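If you're matching positions, the sequence shown starts at 1 in the UniProt record's numbering and goes up one per residue.
For the record, the hints were derived by calculation from the structure and aren't laboratory data.
Treat the hints with care, as some may be off.
Listed below are the simulated DSS-like cross-link pairs for lysine-lysine, each with C-alpha atoms no more than 30 Å apart in a straight line [as the list claims (entries may be wrong)]:
{"id": "1", "residue 1": "LYS351", "residue 2": "LYS339"}
{"id": "2", "residue 1": "LYS284", "residue 2": "LYS217"}
{"id": "3", "residue 1": "LYS132", "residue 2": "LYS552"}
{"id": "4", "residue 1": "LYS152", "residue 2": "LYS279"}
{"id": "5", "residue 1": "LYS377", "residue 2": "LYS63"}
{"id": "6", "residue 1": "LYS483", "residue 2": "LYS421"}
{"id": "7", "residue 1": "LYS227", "residue 2": "LYS354"}
{"id": "8", "residue 1": "LYS654", "residue 2": "LYS630"}
{"id": "9", "residue 1": "LYS362", "residue 2": "LYS284"}
{"id": "10", "residue 1": "LYS152", "residue 2": "LYS525"}
{"id": "11", "residue 1": "LYS363", "residue 2": "LYS146"}
{"id": "12", "residue 1": "LYS424", "residue 2": "LYS85"}
{"id": "13", "residue 1": "LYS279", "residue 2": "LYS339"}
{"id": "14", "residue 1": "LYS640", "residue 2": "LYS85"}
{"id": "15", "residue 1": "LYS525", "residue 2": "LYS537"}
{"id": "16", "residue 1": "LYS9", "residue 2": "LYS146"}
{"id": "17", "residue 1": "LYS354", "residue 2": "LYS277"}
{"id": "18", "residue 1": "LYS596", "residue 2": "LYS424"}
{"id": "19", "residue 1": "LYS642", "residue 2": "LYS630"}
{"id": "20", "residue 1": "LYS378", "residue 2": "LYS363"}
{"id": "21", "residue 1": "LYS483", "residue 2": "LYS537"}
{"id": "22", "residue 1": "LYS277", "residue 2": "LYS217"}
{"id": "23", "residue 1": "LYS282", "residue 2": "LYS227"}
{"id": "24", "residue 1": "LYS525", "residue 2": "LYS146"}
{"id": "25", "residue 1": "LYS227", "residue 2": "LYS285"}
{"id": "26", "residue 1": "LYS152", "residue 2": "LYS351"}
{"id": "27", "residue 1": "LYS282", "residue 2": "LYS146"}
{"id": "28", "residue 1": "LYS613", "residue 2": "LYS483"}
{"id": "29", "residue 1": "LYS525", "residue 2": "LYS153"}
{"id": "30", "residue 1": "LYS285", "residue 2": "LYS181"}
{"id": "31", "residue 1": "LYS132", "residue 2": "LYS217"}
{"id": "32", "residue 1": "LYS35", "residue 2": "LYS550"}
{"id": "33", "residue 1": "LYS132", "residue 2": "LYS14"}
{"id": "34", "residue 1": "LYS335", "residue 2": "LYS354"}
{"id": "35", "residue 1": "LYS552", "residue 2": "LYS654"}
{"id": "36", "residue 1": "LYS285", "residue 2": "LYS262"}
Label-pair restraints from in silico Cβ distances [claimed, not checked]:
{"id": "37", "residue 1": "PRO409", "residue 2": "ASP567", "range": "40 to 48 Å"}
{"id": "38", "residue 1": "GLU167", "residue 2": "GLN533", "range": "27 to 35 Å"}
{"id": "39", "residue 1": "PHE577", "residue 2": "THR633", "range": "18 to 26 Å"}
{"id": "40", "residue 1": "ALA232", "residue 2": "ASP149", "range": "15 to 23 Å"}
Just so you know, these numbers come straight off a predicted model, no measurement behind them.
The C-beta atom is built at its ideal place from N, Cα and C for all residues, glycine as well.
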Amino acid sequence: MKELRELSKYLKRKITGKTLYALPRQWIIPNYSGKLSMKDGRYFVDPYEYYSIIIDTILENDKGLDYSKSLAMLNGEKDATWLRKAKMYGALPRATTAYNHKGFGAFEPEDIFGYKESGTFLKMIGLLPYLKEMGINVLYMLPISKMSDVFKKGEVGSPYAVKNPIELDESYADPLLEGIKLEEQFKALVQAAHMLGIRVVLDFIPRTAARDSDLIKSHPDWFYWIKIEEAASYKPPRIPQLSFKIPDPEDLEVIYSSEEVKTHLTKFTFSPDKIDKEKWEKVKKMEGDILSNIAREFGIITPPGFSDWVNDPQPTWDDVTFLRLYLDHPEASAKYVSKDQPPYVLFDVIKSSKFPGRKPNKKLWEYIANIIPTYQKKYGIDGARIDMGHALPSELQNMIISAAREIDPAFGFIAEELEMKNDKKARAEGYDCILGNSWYAVARPSEFYRFIEEIIPNLEVPYIASCETPDTPRIVARENGNKLKYLAPALLYLSPNSIAYINSGQEIEEIQPMNLGLDNTIYGKTLLPPDDQFYGKLAFFDYYALHWDKAKEDMYNFLKWVLLIRDEISEFMDSEFRYVYLNYQDGTTANYSYWKGGKGVIVLGNLDFVHEKYIEILVNETVGRNVEVKSVTVVTRHGKRKMGFSFGNNIPVKLMPGDFVVLLVNWE
1 MKELRELSKY LKRKITGKTL YALPRQWIIP NYSGKLSMKD GRYFVDPYEY
51 YSIIIDTILE NDKGLDYSKS LAMLNGEKDA TWLRKAKMYG ALPRATTAYN
101 HKGFGAFEPE DIFGYKESGT FLKMIGLLPY LKEMGINVLY MLPISKMSDV
151 FKKGEVGSPY AVKNPIELDE SYADPLLEGI KLEEQFKALV QAAHMLGIRV
201 VLDFIPRTAA RDSDLIKSHP DWFYWIKIEE AASYKPPRIP QLSFKIPDPE
251 DLEVIYSSEE VKTHLTKFTF SPDKIDKEKW EKVKKMEGDI LSNIAREFGI
301 ITPPGFSDWV NDPQPTWDDV TFLRLYLDHP EASAKYVSKD QPPYVLFDVI
351 KSSKFPGRKP NKKLWEYIAN IIPTYQKKYG IDGARIDMGH ALPSELQNMI
401 ISAAREIDPA FGFIAEELEM KNDKKARAEG YDCILGNSWY AVARPSEFYR
451 FIEEIIPNLE VPYIASCETP DTPRIVAREN GNKLKYLAPA LLYLSPNSIA
501 YINSGQEIEE IQPMNLGLDN TIYGKTLLPP DDQFYGKLAF FDYYALHWDK
551 AKEDMYNFLK WVLLIRDEIS EFMDSEFRYV YLNYQDGTTA NYSYWKGGKG
601 VIVLGNLDFV HEKYIEILVN ETVGRNVEVK SVTVVTRHGK RKMGFSFGNN
651 IPVKLMPGDF VVLLVNWE
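Take these sequences, add in the hints, and give me the full structure.
What follows is the structure, encoded as structure tokens:
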């Protein structure tokens, strides 16, 4: 709490009274009391005054608690069931709070006035009231750790190319807070979020590191190494005898007998400290970048990463390299390689959950397991997503989860499981929810129907109910996106076992994806008009600002409304679940209902985007007993209305193509 108050005091001392800092209208809090001017349709404020007022407004919620601790610890919670009530906003702060603050010309990461136009922690504090007003209670942020600028993709590089996992990336420091440490700025962000009842969840990457990781200097043996002359031709070997798949043990003989694999293995060498210990001691003391020095003095370099799927068509991941989780080769593969073979990267090696070695790299495991506790103790974060956790050795995964839970038993863990069938596995491993693949299902009506009817009611852990993610196409850019942007959130956010998730930019109908990683093509980054500054750019790798100035209020208000409906029916979502009996079903009317006492909630969605439907709900069959319906309230995005009841217990419903309805039923 101290850090947040210090920020307010610091900003007040800097107030100039000059309104030179442009902001999106969406960020301006209601009844803003500071100086405000408008020029060419843009809002301008004194940034010091603006952020001090925002912080003071947040501080009005101070109840005298230690907000540097997780909300679960403050509330005395003993498990992470809070995730079941989560309404989550996913942000890449660098892009989420990027804006042209000078108010003219093109966007610049840092402009002529010294304003940071790319996102910062201070600007994320400024966005919190906007998120709170929308109904958000969990802020999930993509990696904010120190990034690498070596082998970077695009202008700025990927947040997943982590150079140092326990340091914050300096790009998130705001020049408006010159002299205040970056760690204090992030502490203030977490405190502000907690004060508003918003939990903070972060992304962590334990399997890979930037190719010039800070860890190389102290632990070169934690990395794999190839001869520098092999770097240009380095790629995953192709195995024509196998399909596109994660290898099974019976595939290993085929893989290791491949001439491409044999050639691949010759590219690897030992770490520099093993090649020449004396020389290594001199090199690690040299000035400059450690990887460049190693390349020059030893002629070796860390290799890029690649997929653990055999014959994956995607290219190498040039900005990251794999951490060496075992000191020996995979146990199942050892018989296929020479005893003199240096540590190497292959499909089985990097899928160590399936192909473990016998000798864990214990010091590295202990380091990895301590990353999240470092953020818990220092900042009080509430949860984490483990990137590619399913590919880690089970013992390491357990170490990571156990270490965090020792500090906070209610610390929430999100499993990067995209297959819904892995819910039981995730639960057994200690995770509280899965990412799932709702973003895939919503774009395919038959899949969406099966997803709603057959999959989610039977899950053993909640799923992230996402219409889009940082890796997928935007929902509004999908086929039938003009209808799907309403239908998908309504059906997903109100569904059983759901964690409502809004992807940064979804609420302003951003069309350009942040990344092309899932269900996309290279053309996904060309959706903006060619004259747009960000045409062809991806927020994961390039400087990017959301199109706040072109946004209408419609989608923000709709998502806010759906989250409010979710709150209103939350007591029903924990009660009796029933499928809805209809007078006919053609596989395009998604349906589910909840019942408690003499009341119920029915949700219907028309997955046919061409034809309207007139159907009847058979109430007795739906609830499983004879009841006498007294009233029905019809809830749509256009409002609420009471339904007349001269027709008995069969409720008639008309659904336009791609439309949905929520019915509140009362038989008491």
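Outcome of the hint check:
| no. | hint | result |
| --- | --- | --- |
| 1 | LYS351 with LYS339 | 21 Å, holds |
| 2 | LYS284 with LYS217 | 6 Å, holds |
| 3 | LYS132 with LYS552 | 19 Å, holds |
| 4 | LYS152 with LYS279 | 29 Å, holds |
| 5 | LYS377 with LYS63 | 21 Å, holds |
| 6 | LYS483 with LYS421 | 28 Å, holds |
| 7 | LYS227 with LYS354 | 28 Å, holds |
| 8 | LYS654 with LYS630 | 20 Å, holds |
| 9 | LYS362 with LYS284 | 23 Å, holds |
| 10 | LYS152 with LYS525 | 18 Å, holds |
| 11 | LYS363 with LYS146 | 21 Å, holds |
| 12 | LYS424 with LYS85 | 20 Å, holds |
| 13 | LYS279 with LYS339 | 25 Å, holds |
| 14 | LYS640 with LYS85 | 24 Å, holds |
| 15 | LYS525 with LYS537 | 6 Å, holds |
| 16 | LYS9 with LYS146 | 28 Å, holds |
| 17 | LYS354 with LYS277 | 34 Å, violated |
| 18 | LYS596 with LYS424 | 27 Å, holds |
| 19 | LYS642 with LYS630 | 11 Å, holds |
| 20 | LYS378 with LYS363 | 22 Å, holds |
| 21 | LYS483 with LYS537 | 26 Å, holds |
| 22 | LYS277 with LYS217 | 13 Å, holds |
| 23 | LYS282 with LYS227 | 20 Å, holds |
| 24 | LYS525 with LYS146 | 26 Å, holds |
| 25 | LYS227 with LYS285 | 22 Å, holds |
| 26 | LYS152 with LYS351 | 24 Å, holds |
| 27 | LYS282 with LYS146 | 26 Å, holds |
| 28 | LYS613 with LYS483 | 15 Å, holds |
| 29 | LYS525 with LYS153 | 14 Å, holds |
| 30 | LYS285 with LYS181 | 27 Å, holds |
| 31 | LYS132 with LYS217 | 43 Å, violated |
| 32 | LYS35 with LYS550 | 24 Å, holds |
| 33 | LYS132 with LYS14 | 27 Å, holds |
| 34 | LYS335 with LYS354 | 17 Å, holds |
| 35 | LYS552 with LYS654 | 28 Å, holds |
| 36 | LYS285 with LYS262 | 36 Å, violated |
| 37 | PRO409 with ASP567: 40 to 48 Å | 26 Å, violated |
| 38 | GLU167 with GLN533: 27 to 35 Å | 31 Å, holds |
| 39 | PHE577 with THR633: 18 to 26 Å | 20 Å, holds |
| 40 | ALA232 with ASP149: 15 to 23 Å | 21 Å, holds |
Violated hints, listed in ascending order, are 17, 31, 36, 37; each of the other numbered hints is respected by the structure.
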